[in-house]
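Enquirer: As a plain string of letters, each chain reads:
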Amino acid sequence: MTRTGAGSTGAAYALGTPSHDAFFTEVGKGTPCGELLRRYWHPVGTLADAGATPRQVRVLGEDLILFRDLQGRPGLVHPRCCHRGASLYYGRVEAEGIRCCYHGWLFDVQGNCLHQMAEPGGGARRGSFRQPWYPVAERYGLVFAYLGPPSKMPVLPRYNLLDDLDEGEFLEVNDRSLGAGGGVIVPCNWFQHFENVVDPMHAPILHGSISGVQFVPQMGILPEVKFEYSELGVIANSYRKLDNGLTLHRRTEAALPTLRVVPNPRVRNFCRTESIGWVLPIDDTHFRIYVVGRVREAGEIEAYRTRFNGKLWADMSEAEHRDFPGDWEAMVSQGPITLHSEEHLASSDRGVAMLRRFVTQQVKRVQDGLDPLGTCFDEAGALVRLTGGQYLIDADGTPVTPAAEAA
Amino acid sequence: MTRTGAGSTGAAYALGTPSHDAFFTEVGKGTPCGELLRRYWHPVGTLADAGATPRQVRVLGEDLILFRDLQGRPGLVHPRCCHRGASLYYGRVEAEGIRCCYHGWLFDVQGNCLHQMAEPGGGARRGSFRQPWYPVAERYGLVFAYLGPPSKMPVLPRYNLLDDLDEGEFLEVNDRSLGAGGGVIVPCNWFQHFENVVDPMHAPILHGSISGVQFVPQMGILPEVKFEYSELGVIANSYRKLDNGLTLHRRTEAALPTLRVVPNPRVRNFCRTESIGWVLPIDDTHFRIYVVGRVREAGEIEAYRTRFNGKLWADMSEAEHRDFPGDWEAMVSQGPITLHSEEHLASSDRGVAMLRRFVTQQVKRVQDGLDPLGTCFDEAGALVRLTGGQYLIDADGTPVTPAAEAA
Amino acid sequence: MTRTGAGSTGAAYALGTPSHDAFFTEVGKGTPCGELLRRYWHPVGTLADAGATPRQVRVLGEDLILFRDLQGRPGLVHPRCCHRGASLYYGRVEAEGIRCCYHGWLFDVQGNCLHQMAEPGGGARRGSFRQPWYPVAERYGLVFAYLGPPSKMPVLPRYNLLDDLDEGEFLEVNDRSLGAGGGVIVPCNWFQHFENVVDPMHAPILHGSISGVQFVPQMGILPEVKFEYSELGVIANSYRKLDNGLTLHRRTEAALPTLRVVPNPRVRNFCRTESIGWVLPIDDTHFRIYVVGRVREAGEIEAYRTRFNGKLWADMSEAEHRDFPGDWEAMVSQGPITLHSEEHLASSDRGVAMLRRFVTQQVKRVQDGLDPLGTCFDEAGALVRLTGGQYLIDADGTPVTPAAEAA
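Protein chains in written order, with the numbering used here: chain A, 1 to 407; chain B, 1 to 407; chain C, 1 to 407.
Derived from the structure by calculation, the hints contain no laboratory data. Each hint should be verified, as a subset may be incorrect.
[Unchecked claim] Far from chain B, some chain A residues (derived; all Cβ distances over 10 Å):
id, residue
1, ASP49
2, LEU70
3, VAL173
4, THR247
5, ASP283
6, ALA319
7, GLU320
8, ALA353
[What the hints assert, rightly or not] Part of the chain A face toward chain B, derived, beta carbon under 10 Å:
id, residue
9, ARG80
10, GLN110
11, PRO120
The C-beta atom is built at its ideal place from N, Cα and C for all residues, glycine as well.
With the hints as constraints, model all of the structure from the sequences given.
Expert: Here is the structure:
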């Protein structure tokens, strides 16, 4: 008989009732973090998602209907018709808006009731009804929505990484949760991914030592890491000493409200970060990621996607997922919302701790009646400058060209 | 960039916590509406459903077992054997009743314990045990049950529309939720359908303008509607002006407890209503419909069923359901129980408002210790006279024969 | 029309809100029965289940990871890594323990943190972290775990029925819930099975009269039953008068903590009980059974399994399960946790009543700060003597040899 332990301490019997921290996890209306997130624009679909066929979307725990009237205006409305509650998912999109299937009330993209088919004369009092709606705006190939208090609506930001294109570059949209290491709808809280962004030490361990090379061999080197606050969040600088004496410097940022600004982990180019990912909290326990990036060929972003032994995640068996875990497994297995009360952070988690503190501070700003960082109310100030990228540097920290590395 | 709104009012952000009105929706024992419904008989199956094989049924939120002993008596009992709780679904039906599989207790259709196989002598104290049961009665090809307080049990009603047969007519039963526009078990509260019965304006819109001709072309004409109270509920009279100068008059009734008395929407005959539908609340969030009608050929009732572009609902894809919604989509998409706090009724909803008021009044009668309308305690008064039908009338309101229309 | 009842009493309308008794059903940490069960060792898998691939197990409502380090030591740990919560199900098993996939923390089988891959030098403070764990021990081909307070850990018991082998016998393990009459994971509370063990009257009824011969013809004879308390539970002695004038005496025991000690119901041998079954409460509403028995041929235990009309349960259709119910149907149909408030015990349920009383007394002992019966704290006293078996006896109660019966 082999026996383990007897009278030792540390038994799981002593565990108390665990809990999570709502200040940087919960996304519903009226929750601390939910009210912070509602001060920003979030992507709710691609341009094509807003079309003549109503589309069900779920954003920050709210079910909504995305459509585009036949004049080309995108609209985002509450699904229950304000008349008797039939869903506008079954509505008919017309030139002026969307018409409920049940009694033919027609609403424009701002929820104004334009016509009531069942009422005499199209509804003498139609002007007194309004379908609940949210403002939307299009940029970078995505439709963004603002779900917050109307008086606090900021302008839709621009980003230097997407506005300034180099010769031959164009923008590409990817809505398949690139960076989450698995499927499109990720069944856990969004912050479990947001933390992963400023946690560069997991890369050589999870994506290297444990599961083999999931990106490229260089990523398997344990880096030295320096964290810093940025204007909108936290930056992790990781430095990997390469065999040729040079150093690979990666500068990765998690930025308000939900931006993942991560250089391509497959390390093809040494340049400023190629793409921005918006981590969209679908609800407290699901998220997805919309990515927009600068590319030179169509499909370039999808090609970033992690492979495990050459296989895509979707093609792996459950046993393979168990034996070769990636970000998806590490994030999702923390549970629908991880239990912060049971955690024990260490020195390599400094980025995570900084990010939690930063977001919590913004939550408190909103609770104190202030505007959170990164909200801007005039178009002139709407450009956000992000400073991420990956570079080869020499012993003095001076960037060198890739050619030097190849030598 | 196309942008919708900024600083406008009506944003969904302002929505409060929604709620439903329990007075005409919830069906459980002890709820206001549940206690009203428990003062009436409800169908729990066809005659064949009560047989030698125990059958699980769910009625007003209660799980029950329907069977028929080998002498032909139908029985409806609580599923948990009163001994140790094994389900009588696994019971053996015998001449005298149903016997539990676990320890062989035998109960008759009134729950009396007749034999205890595991007890000496078949159980000296068996007379002190009783399986919870409900009274049942058969009529019109259906088995009805009374789930209310025993002292308040009314007689089982008769209906003129089903008792008085014309030459060549016979009664046909249909248990497939005809009138609900979809499958047999409808996943929403029963009152969402009950309201649909006294809402004639939805017919030309939902079943005409939005989804194309789902019944017949005449139904696509917007009617003039006059509502009135009947003895047992609300009647909607709808008048459609036909091309030949005549008027199609349809008289549709929602009557206590859950009757839908609707002339055939496929408009084959001009006569008193051909059938009665009982909307059976399975529980708060599911219902089904049992129909009994006067027919001249077997299968006539099933032939009423709505078609969408010639297709039955069950044969349509999800995309077709979205593009060609019918009653099912309009009812079910309101949610498991619609949220009355978010509604905005208009003049064409007068029938709905009347029906809610009528049912609420009956709920209050029961709460005040009175008998609700439509409960009768002697056989002599058990005949209910329903006055619905559809007719062609001329400009003076005088009925004309169909031949006149054909002319 | 056939009508059942009117004004009779006993209607299900009178049923109140039902409840279960937590004292012998609920298994969670902190519940009365859960704390009793936590004073004993429980099987959590076979020897092979503890291997180099982490295995998810659920025991007494707790999710845990079972593994075996590459030195051969079994381990049972909390699934959430104490660092940042990724599941150790995705961990890598090494010589010294299990390493989390996310940041490479390595824990031994007692939860000690041996290495932190992401920390400088493998973690200067690693000694201050501990993964929650439980003691495990191997015996009889099973891995047992102790989930209770460390200071109260008893020695792992031995059982005479498994320690003393007759010539030619060896031990065989079966982990497929033999005795539950169906699948491996049984979706109801464990006590519904525990009661079944001391309920010999159900055998001739459920397994004979109702569903035909499920074991052997003799089991179909209604026995005379005498119950008695044992040191660790309740014993049911059942006596069946055979055609040859002899009596079949079966002595069946339900013993603390969850032991089913039942002679082979297929009645092949007349001897002390061949096997012990541990009813493992997975959580409040699921259980499984691990059996270890003395056999002479491999596969003998699985051959005990009930057949219905020659078919195994897994091969039967739903209709066959309905028509030929067995233990599974009788237990599971009582619901996830049976509702004791609705029961009516009779004289043949005396064993059930005794077992409930016995377990409740032990619960109270624990609540009073005492050790429950059957916990022993020195190896010398760890042998439990069980006295069950089945025998042929003559009119004087004297055992006779099987040859006498054959004569």
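Enquirer: Could you run down the list of hints and mark each one as holding or not?
Expert: Checked hints:
no. : hint   : verdict
1   : ASP49  : 14 Å, holds
2   : LEU70  : 13 Å, holds
3   : VAL173 : 15 Å, holds
4   : THR247 : 41 Å, holds
5   : ASP283 : 15 Å, holds
6   : ALA319 : 33 Å, holds
7   : GLU320 : 32 Å, holds
8   : ALA353 : 32 Å, holds
9   : ARG80  : 6 Å, holds
10  : GLN110 : 5 Å, holds
11  : PRO120 : 7 Å, holds
Checked against the numbered hints above, the structure violates none of them.
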